[in-house]
Amino acid sequence: MLSEEAHPLVSSIDEEAIEWVVRLTSGEASADTVAQYQAWADRSPEHAQAAANARALWIGLGKSLPSLPAEPPAPPTLAPGLAQPDARRSKRRSLQLSLAASVLVAVLMGTLYGYQRHDQNTEVGQQRLITLSDGSHVQLDTDTALDINFAVANRHISLARGEAYFDVQHNPQRPFIVDAGFGQIRVLGTAFSVRRDADNIWVTVTRGKVQVSSNAVHKPLYLTANQQLHFSETDRDPHINHVDTEQVLAWRTGQIQYENGSLGEVLQQLQRYDRRYWIIDKELADSLRISTSINLNNIDEWLKGLQTTLPLKVTQLGPIVWLRRNQTL
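In the working numbering, the protein residues as written are 100 to 428.
Hint data in this document are derived by calculation from the structure and do not stem from the laboratory.
Hints are supplied without guarantee of correctness; some may be wrong.
To be verified - Label pairs and their computed distance ranges (CB to CB):
1) Gln406 / Val251: 54 to 60 Å
2) Ser386 / His236: 23 to 29 Å
3) Val316 / Gln426: 48 to 54 Å
To be verified - Lysine-lysine pairs mimicking BS3-like chemistry, simulated, CA-CA at most 27 Å apart:
4) Lys403 / Lys381
5) Lys381 / Lys412
6) Lys308 / Lys318
Yeah, the Cβ is synthetic: ideal placement off N, Cα and C, and Gly gets one too.
Throw the hints in and build the complete structure from the sequences for me.
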């Protein structure tokens, strides 16, 4: 997640409830904090319901992401009229807590969802190399799923999500076809990558020639080595670009490489390999430029170095990585 904006469907009471849960599970909650929480929850039935929903959300998210804190402690029964949270402390922590609230709300609105079963798949941060029955090799990137259907007349792969690199054995009698939803890639024998998300497809060729068909384009397009095609479902005029395939496909060697890319672009790519939620102000994401090579096996070390090369402060809050401007520089 790369935005600090709260979800418009969430009320201020909902946000306050999640902030209270974050406080209670921070490891710093005192008896007074618990008492203040109870007083807040007792203000109205709406407050009580919001508190219950926030607790349930936090617990449910913790089951999916074990790094989250455990269930907040059950507050004791207290007399009404107790003091509310200290205003100055609340103000200092309000931004930090609202970021956590935004992340939890995003999860509530469907960030986490169940995946269907597929012939081959990888989890977030995982990669896998497989050999198909015809001798072709497939390298699956992070969070990728595909199905395999080989017949006498053709070799068919359905890419459900993610990215895969194909090194295809040449066989003129059995074309190799990758179906990526609204786009289809057809080859005889070559090496290429296909990436698919909900709205886009990227095809990158390192060797040979591929044919790409799209639902929105009447004629197929042809790519050769060191070319890439990026298109959406409604894109009627996609353009073929020349690219540095070693940089674009650096994930195959466990890296991400960028040359003068925006920090937002880098984080969007990095987020695909890390289960944590990444938050940064949009102005910083768009304005800061960076040339970098990230070892995907040691992302935290890259984060440490980032604070010495850019005017940033990086804070990790459980499953949240929060990047903000360092005001002391």
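Verification of the hints:
1. Gln406 / Val251: 54 to 60 Å: 58 Å, holds
2. Ser386 / His236: 23 to 29 Å: The hinted range 23 to 29 Å is violated for Ser386 and His236, with Cβ atoms some 41 Å apart.
3. Val316 / Gln426: 48 to 54 Å: Roughly 49 Å apart at Cβ, these two residues keep to the hinted range, so it holds.
4. Lys403 / Lys381: 21 Å, holds
5. Lys381 / Lys412: OK: Lys381 and Lys412 at ~15 Å, within 27 Å.
6. Lys308 / Lys318: 16 Å, holds
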